[in-house]
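Chains as they are written, first to last, in my numbering: chain D, 448 to 873; chain F, 11 to 500.
Hints in this document: simulated from the structure, not taken from any laboratory. Take the hints with a grain of salt, since some may be wrong.
[What the hints assert, rightly or not] Here are the computed lysine to any residue pairs in the SDA-like style, where the Cα-Cα straight-line distance is at most 25 angstroms: (1) D:K670 x F:V235; (2) F:K444 x D:R562; (3) F:K172 x D:D687; (4) F:K172 x D:V737; (5) D:K670 x F:K444; (6) F:K172 x D:A668; (7) F:K172 x D:T669; (8) F:K172 x D:R481; (9) F:K444 x D:T686; (10) F:K172 x D:A573; (11) D:K670 x D:G754; (12) F:K444 x D:E549; (13) F:K172 x D:Q567; (14) F:K444 x D:R481; (15) F:K172 x D:P666; (16) F:K172 x D:A755.
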Amino acid sequence: MPSRSEAAGPNPPDLAAGADVVTVARPTDLAGARDAVVTAGTAGTSVLIRGGGTKLGWWARPRGGSSPVEAGPSSGRASSVDNQRPSTVIDTRGLDQLIHHEPGDMTATVQAGMRLDLLQAALAPAGQWLAIDPPRRGGVVTVGGVFAANDAGPRRFGYGGVRDLVIGSTTVLADGAVSRSGGTVIKNVAGYDLNKLWCGSLGTLGLVVELTVRLHPLPEATKTVRIPAAAASASSFVTDLLASPVECVAVEWSGDALVIQLEGRAAGLDARLDQLARLAGEHGLEPELVDDDVWPALREAHGGAPGATVVRASTLPSQLGAVSDALAAAAGTDVSVTLHSHAGLGLHDAVLTGGDASTQAAVIGTLRTAVEALGGHVVVRDRPPELDDHLDPWGVPGSAIELMRSVKRAVDPEWRFAPGRFVGGI
Amino acid sequence: MVDDADAVPTELQSELAEILGPEGLITERSQRRTYESDGLTAYRAVPALVALPVSTEQVSGVMRACARHGVPLVPRGAGTGLSGGALPHPDGVLIVLSRMRRIVDVDVLNQRITVEPGVTNAAVSRAVAPHQLYYAPDPSSQIVCSIGGNVAENSGGAHCLKYGFTTHHVLGCELVLPDGQVVQVGAATLDPPGYDLRGVLVGSEGTLGVVTQVTLRLLRRPESVRTLVADFTDPASAGTAVSAIVAAGVVPAAVEMMDNLAIQACESDAAAGFDVNAGAALIVELDGPEAECDASFAEVVALCQESGATAIRIADQPDERARVWQGRKAAFAAMGRLAPDYLVQDGVIPRTRLGECLARIAELAADAELRVANVFHAGDGNLHPLVLFDSSRPGETERAEALSTAIAELCVSFGGSLSGEHGIGADKACSMPKMFGAEDLAIMDRVRAAFDPDGRCNPDKVLPTPRLCGERPGRYRPHPLETAGVIERW
Chain D
448 MPSRSEAAGP NPPDLAAGAD VVTVARPTDL AGARDAVVTA GTAGTSVLIR GGGTKLGWWA
508 RPRGGSSPVE AGPSSGRASS VDNQRPSTVI DTRGLDQLIH HEPGDMTATV QAGMRLDLLQ
568 AALAPAGQWL AIDPPRRGGV VTVGGVFAAN DAGPRRFGYG GVRDLVIGST TVLADGAVSR
628 SGGTVIKNVA GYDLNKLWCG SLGTLGLVVE LTVRLHPLPE ATKTVRIPAA AASASSFVTD
688 LLASPVECVA VEWSGDALVI QLEGRAAGLD ARLDQLARLA GEHGLEPELV DDDVWPALRE
748 AHGGAPGATV VRASTLPSQL GAVSDALAAA AGTDVSVTLH SHAGLGLHDA VLTGGDASTQ
808 AAVIGTLRTA VEALGGHVVV RDRPPELDDH LDPWGVPGSA IELMRSVKRA VDPEWRFAPG
868 RFVGGI
Chain F
11 MVDDADAVPT ELQSELAEIL GPEGLITERS QRRTYESDGL TAYRAVPALV ALPVSTEQVS
71 GVMRACARHG VPLVPRGAGT GLSGGALPHP DGVLIVLSRM RRIVDVDVLN QRITVEPGVT
131 NAAVSRAVAP HQLYYAPDPS SQIVCSIGGN VAENSGGAHC LKYGFTTHHV LGCELVLPDG
191 QVVQVGAATL DPPGYDLRGV LVGSEGTLGV VTQVTLRLLR RPESVRTLVA DFTDPASAGT
251 AVSAIVAAGV VPAAVEMMDN LAIQACESDA AAGFDVNAGA ALIVELDGPE AECDASFAEV
311 VALCQESGAT AIRIADQPDE RARVWQGRKA AFAAMGRLAP DYLVQDGVIP RTRLGECLAR
371 IAELAADAEL RVANVFHAGD GNLHPLVLFD SSRPGETERA EALSTAIAEL CVSFGGSLSG
431 EHGIGADKAC SMPKMFGAED LAIMDRVRAA FDPDGRCNPD KVLPTPRLCG ERPGRYRPHP
491 LETAGVIERW
């Protein structure tokens, strides 16, 4: 397996898997970004986009052909890469500028390749931040990469996802058209909200070059509480917590304990801690106040160690216990599994190590069946390439898949952006 | 029979009668006329047929039939929209969703509810109130407006400053596409695989299909709510107070402002206790955990005083608070006391440019020799200037319309938006090129075509068309935001 540092290099194996990369473009402004896309089109290559390179493994492996129609049955399964177009890689890390920060309006416009940590550092002197805390995943993440992958961390519970915080975007489409959607004000319903379309599209629709974001004030004070609890009792505690007036910004469960973060004014946090303790007591649980520095490790645990397989299950918040049981039942002796859950949101990451690809695929398949029976869904993120010979990382697409293909055709008619990497062979 | 001859094929009428039954199809012209406009009454058109479906199957059947006959369709909720989004098509079928008003499922544990589109906004909160839950978006028309309409318009309300708009609270929708196909976009669980089409659908103003079920996120009622009304000598100093509150890192649940003319109207209508001599009134509401809410509230009171508040009234009793909000939410209706007619505008500006913008609005109003009352969501810069006029005076309606449009476009020139919550609809489609470039609009049109390739679903709304707005020459024109100095050309 490639190490993380290699994966973050200029031509990472995950990105290039099965792709014949002929050019790497590193634009530094909108004009250069547009040129790179237009040049790729003229040369007849596909376009693969990378930022920090930490989530490239989330893609499905590319397929041949320029659209699922030409590629035959649109199973979305990884398959041979015959008839594969060569690719242009666009590296966004040169798009690294904070274009504008308006503290009075609590908004900022950034180039998509800006490192998230550097953005936060630039906003902090004004007492503000972009309220997202995704894992660094062994590298350095960019704002655009987090947006394109719709990645998130523990505090999504309190602040919403990156989708909820982006209020404007500038995106270059395959034919060089520049699409601006939204604007620079938080409240705005003029025109379609295409920001939502680009968010989570994993570079399969266009090149996001600039983003305008809503900011939040940095909290005056924070407290972290750890509550040892097995999955089932954690699950029932969490639903009671949701029903209580105790406001939290993060509700995590990792292996054997809930970890909860409170934020707000110093004046009121102790009262909330008392309420939380009372609620825990009613469940026979014993909370302990711990240091805030537990959070980086908790956050990174969702990404797993290098080489691990990471499976994302999405359910209702009340189903943590059921997911944990399903995973325990699925795991055999060869594959070891740990579960890290954004328990308040119903988003669970299972990290699999050991066993060969087919054994891991069997575990995931069993988990997927169980989670789908609960009304949820399972996608596979980081994984060894061989796993795709046994299992579609995206699973069976829902009833809107044909509509998604229509949207893809409307926006990227030549199937130029990362063909075959998205759900349903998009 | 349809009496305005040949507006739709006779076969379509009999097919719809079959699908909908006698209760579900309105053909009489006098009855169809009831639906000729929504909340924007300046625009009127009598629909050729009115369909009143009661199920997804009926909606799908109607849309399939319309597709077969190439007939346009317009969805309508409660008809409270203020941008003509539900303006009927004279040769089309109006699909009225008000009979689909079932609450399908309440999941108290996971704080979710699934409803049909005709359920009113207030009914959602009412249904879950016993569980201490509520639905956050609260448009002023919440007692009558429907969830389907809220989804179409991405409705906001006074409390969206802290809690977000409809798009932040819709998890999933059952959508009937213009060809009749039924699909699920989004889900009760987060991040279903694929594109976030739900995010595109919310705020698409009925141009992408008809929503037949919606799953919403509910919130736990906050532990504590504190409300105050602060009087100022003029809107600019009230604006200074808003900036000071935001700069202090306080995120209020709501910050509303009314100028003197608006206060007079509200007070004469609702007697909510506003001071009719104040130059401006600021309503600030905080909510959250009790101790923190109290600490922030004390800070807000101090900041209002420092910014020159002439009086501060704390409305802590529930009935007092209700009266304040009733007064504020009645603002539009109360304008009838000041003038026979009025137009509501809905522009957004960056909050930091409030003073400048109000001064410009006053100049524009003076030039037009018309009065403008200002009511706005001051926390997020969403202005609702109300242009007062008397349609019985020759030329005044035209002057009022021109002034209203000029105000919306003024907001764009400040780097803001044509609409914060009322939508583009029929009213502002021709102003869209002031805010977006030709490429931006062309891409939105391509996305629209992915849902509705024949362009039959609520046509002539949202996006400008040459037929509607006249041809514009090709060639390069600077992007509107470029002209405003907000962006640079590459």
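We went through each hint and held it up to the structure:
A hinted pair counts as satisfied when its Cα atoms are at most 25 angstroms apart, and D:K670 with F:V235 qualifies at roughly 23 angstroms. Taking the CA atoms of F:K444 and D:R562, the gap is near 33 angstroms; set against the 25 angstroms cutoff, the hint is violated. A distance of roughly 23 angstroms separates the Cα atoms of F:K172 and D:D687; the hinted pair therefore holds under the 25 angstroms criterion. For the suggested pair F:K172 and D:V737, the alpha carbons sit about 29 angstroms apart, so the restraint of at most 25 angstroms is broken.
For the given pair, D:K670 sits about 47 angstroms from F:K444 by alpha-carbon distance, which is inconsistent with the 25 angstroms threshold. The hinted pair formed by F:K172 and D:A668 meets the criterion: a straight-line CA distance of about 19 angstroms does not exceed 25 angstroms. Between F:K172 and D:T669 the alpha-carbon distance is near 19 angstroms, which keeps this suggested pair within the 25 angstroms criterion. Simply put, F:K172 and D:R481 have alpha-carbon atoms about 36 angstroms apart, too far for the 25 angstroms limit, and the pair is violated.
At most 25 angstroms may separate the alpha-carbon atoms for a hinted pair to count; F:K444 and D:T686 exceed this at roughly 48 angstroms. Restraint check: the Cα-Cα separation between F:K172 and D:A573 comes to about 20 angstroms, which is no more than 25 angstroms; the hinted pair holds. As the CA atoms of D:K670 and D:G754 are separated by approximately 33 angstroms, the hinted pair breaks the 25 angstroms bound. For a cut-off of 25 angstroms, the pair hint linking F:K444 to D:E549 stands: about 23 angstroms separates their Cα positions.
Taking the CA atoms of F:K172 and D:Q567, the gap is near 21 angstroms; set against the 25 angstroms cutoff, the hint holds. Only pairs whose Cα atoms come within 25 angstroms are accepted, and F:K444 paired with D:R481 is accepted, the gap being roughly 24 angstroms. With a C-alpha separation of about 15 angstroms, the suggested pair F:K172 and D:P666 falls inside the 25 angstroms cut-off, and the hint holds. Among the hinted pairs, F:K172 with D:A755 is inconsistent with the structure: their alpha-carbon atoms are about 39 angstroms apart, more than 25 angstroms.
Comparing the model with each numbered hint stated earlier shows that hints 2, 4, 5, 8, 9, 11, 16 do not hold.
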